[in-house]
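Those protein sequence lines, which keep their order, are chains A and B. Just so we're aligned: the first sequence equals residues 1 to 366 in the numbering used here. Just so we're aligned: the second sequence equals residues 1 to 360 in the numbering used here.
Just so you know, these hints were derived from the structure itself, not from any lab. This one's a predicted model, so the numbers in the text were calculated from it and none came from an experiment. Treat the hints with caution; some may be incorrect.
[Said to hold, decoys possible] Calculated lysine-lysine pairs in the PhoX-like style (CA-CA distance at most 25 Å, straight line):
| hint | chain 1 | residue 1 | chain 2 | residue 2 |
| --- | --- | --- | --- | --- |
| 1 | A | Lys-244 | B | Lys-39 |
| 2 | A | Lys-254 | B | Lys-349 |
| 3 | B | Lys-88 | B | Lys-117 |
| 4 | A | Lys-24 | B | Lys-39 |
| 5 | A | Lys-254 | B | Lys-91 |
| 6 | B | Lys-91 | A | Lys-317 |
What follows is the residue order along each chain.
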Amino acid sequence: MFKEIYKRSLDGKITKNDAMALLKKDPFELFRTADAVRQELVGDTVSYVVNRNMNFTDICIGTCKFCAFRNTENYRLTTDQLLAKVAEAKRYGATEVCIQGGLLPDMYLKDYVAMLESIKEKYEIDIHAFSPMEVFHMSKVSGVSVAHSLKALKEAGLGSMPGTAAEILVDDIRRKICPGKLTTMQWVDVVTKAHKTGIPTTATIMYGHIETWKDRIDHIFIQRDIQRKTHGFTEFVPLTFMCKNNPLGITVMKNGSMGASGLDDLRMYALARLIFGKDLINVQASWVKLGPKLAQVALHCGANDLGGTLMEERISKTAGATSGECMSPEELRALIRDAERTPRQRTTLYQDVRPVLKVAARRAKN
Amino acid sequence: MLSDIYERSLSGDITKEDARELVDGNPFEFFDTANELRKEIVGDEITFVVNRLVEVTDHCMIGCHFCSFRNHIGFKLTTEQILESVGKAKKIDATEICLISGVMPYMTVDYYCDLFKAIKAKYDIMIHALSPMEVYYAANASNVTPYEALDAFRKAGLDTMTGASAEILVDSVREKICPKKVSTKIWADIITDAHRLGVRTTSSIMYGTVETWEDRIEHMFILRDIQRKTRGFTEFIPLTFMHENNRLSNQSIGANGLDDIKLHALARVIFGRDIPNIQVSWIKMGTKLSQVALCAGANDFGGTMMEDKISVAGGSSHGEYLSREDLIGLITAIGRTPRERNTLYQDVKPGTGAAGRVAQ
Chain A
1 MFKEIYKRSL DGKITKNDAM ALLKKDPFEL FRTADAVRQE LVGDTVSYVV
51 NRNMNFTDIC IGTCKFCAFR NTENYRLTTD QLLAKVAEAK RYGATEVCIQ
101 GGLLPDMYLK DYVAMLESIK EKYEIDIHAF SPMEVFHMSK VSGVSVAHSL
151 KALKEAGLGS MPGTAAEILV DDIRRKICPG KLTTMQWVDV VTKAHKTGIP
201 TTATIMYGHI ETWKDRIDHI FIQRDIQRKT HGFTEFVPLT FMCKNNPLGI
251 TVMKNGSMGA SGLDDLRMYA LARLIFGKDL INVQASWVKL GPKLAQVALH
301 CGANDLGGTL MEERISKTAG ATSGECMSPE ELRALIRDAE RTPRQRTTLY
351 QDVRPVLKVA ARRAKN
Chain B
1 MLSDIYERSL SGDITKEDAR ELVDGNPFEF FDTANELRKE IVGDEITFVV
51 NRLVEVTDHC MIGCHFCSFR NHIGFKLTTE QILESVGKAK KIDATEICLI
101 SGVMPYMTVD YYCDLFKAIK AKYDIMIHAL SPMEVYYAAN ASNVTPYEAL
151 DAFRKAGLDT MTGASAEILV DSVREKICPK KVSTKIWADI ITDAHRLGVR
201 TTSSIMYGTV ETWEDRIEHM FILRDIQRKT RGFTEFIPLT FMHENNRLSN
251 QSIGANGLDD IKLHALARVI FGRDIPNIQV SWIKMGTKLS QVALCAGAND
301 FGGTMMEDKI SVAGGSSHGE YLSREDLIGL ITAIGRTPRE RNTLYQDVKP
351 GTGAAGRVAQ
């Protein structure tokens, strides 16, 4: 174990130079150090959320080059269809619905607000919805400020926001992979305002395409600095790039790469754990993108959360993910126990919740 | 790094107790030690073979409990169809054709010999086929000894044999997962016969069902002891259990990802200089976990495959084909040097097909 790094991580004193230097060292020592910091900060429980993912439309005016989802089917869910999905999620025992969409040219703040209200009116469920890009977009087409939109969304029942659309928070890279998206400064602005409005968000990174390790580290430090000001991030979610069916993937594959290597995925988890230290204690391994087995290994390299049951997942799947779209709570718990850790069902905000299990549900019926 | 383990692995003195302690100890030091051993024994190259798997039929009279392939589709290829697959393999300059099949009563010594001769008559390609179980049943069906059957196969064109049907070489486990397969002793005898006849084989383990780490360790020591006598194993292939659609599905969800890595690392430590090549099975583990295993003791990426209905039936979702270029990309991504090999780990010059054999 790197004792000095361990100590500095817990003291919040990891520097960019430390991070770069760690990449050149024995990866197993790095993993071991990150695992020890994880152990110290969050212990041996691994959390997960019972949630349902839904994308209300795949129609999008965006031009992101890594997207394999946009305009593939050209669907747009009606309010009734959306509510039917929420009802399914409730029956399944979900505590969260995660809602994101493509950017519709004719969808205004009032439509987003109406969507939230229609769900809240009928169901008691945490709504985790709308990326910083969607908030930015709805504010622009509606001619209102971001702060105004956020306030309206919160009042309509928005519980938290996915910290997606972050991709890589380095403008040089953004110009190449998502030229139409908000800039680094705009992303930081929306997220900071969300936190100030009382809307917590996740923090993400989408890595493994054309960016360098320096870009990734700059990105993580931007998020760490936001967190030190607002404490509004609930978790950090590394999203490894999926290279199928999208123009960026073609570029990446032309260079002889198929995305981040499995070892680099683990390095990402370990580095994130060390850089965030006590500032952001939850690091999520995405089983959809990593696959269950590599996600289990990531739980030994710094991660402490396995994400959600999802129920449906179109975005990674269209880009070549093959690990399925739904993991039952029982399967998630088995995966966690199998990795010799203790499962804990949580809410979106990492509060405890009594586990929803088939067995328990059956007993309750009797 | 665990210096004592490192030294004793190289001198061939690892004990079962050492192995057990490694499994229970800190995984990261263990992986680092296996990685250092890999560096010392085989260097920084990662080998791969351009091959094609051909599954002949999913009809099978054995009925192993971990199998999801048996009667899954219900197909049987004709000799012409098999030749067509070999032809396709030759088009990508494959150097090896690997035949895998269910076992049926009509599969006599002559049946296999005719098939091998038909392939060899048309194509210059290495035939990697059969396992001790198929040899055993064919010999029985033809009233000859396994040794005689193997000799006939060799003469008909069999180049190398697979070390499949090993599963776990502990009879109490075999009773539970494959009661109709050959016993540990018969498996070891037939493998030894093959090696004596000059037919080299791979060695494998199918783990993650109901066995314990002690069983896995016992299995690897049996293989190590055979290797010390015969030098006939070309490589060791850990095959992680695919848990969907079979009779063991409700008993195991398979090994966890960390144990997959441990199995590869442990193989490197136990086999030391005896079996220098440790292969990852990317179809079963996925390419990313395979890359991690290659940094924890393994040194071979296996083959291009082109098909693997067996793993797919068991729930594998990682695809069935990686091109030569894909493999090279995956290898260079972890900072290692790709080298195309043939079944016997001889060099193959890219694009020259079975050049390795000519040089032999």
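Hint-by-hint comparison with the structure:
no., hint, result
1, A/Lys-244 with B/Lys-39, "violated, 33 Å"
2, A/Lys-254 with B/Lys-349, "holds, 22 Å"
3, B/Lys-88 with B/Lys-117, "holds, 18 Å"
4, A/Lys-24 with B/Lys-39, "holds, 17 Å"
5, A/Lys-254 with B/Lys-91, "holds, 22 Å"
6, B/Lys-91 with A/Lys-317, "violated, 31 Å"
Consistency with the previously given hints fails for numbers 1, 6, ordered from lowest to highest.
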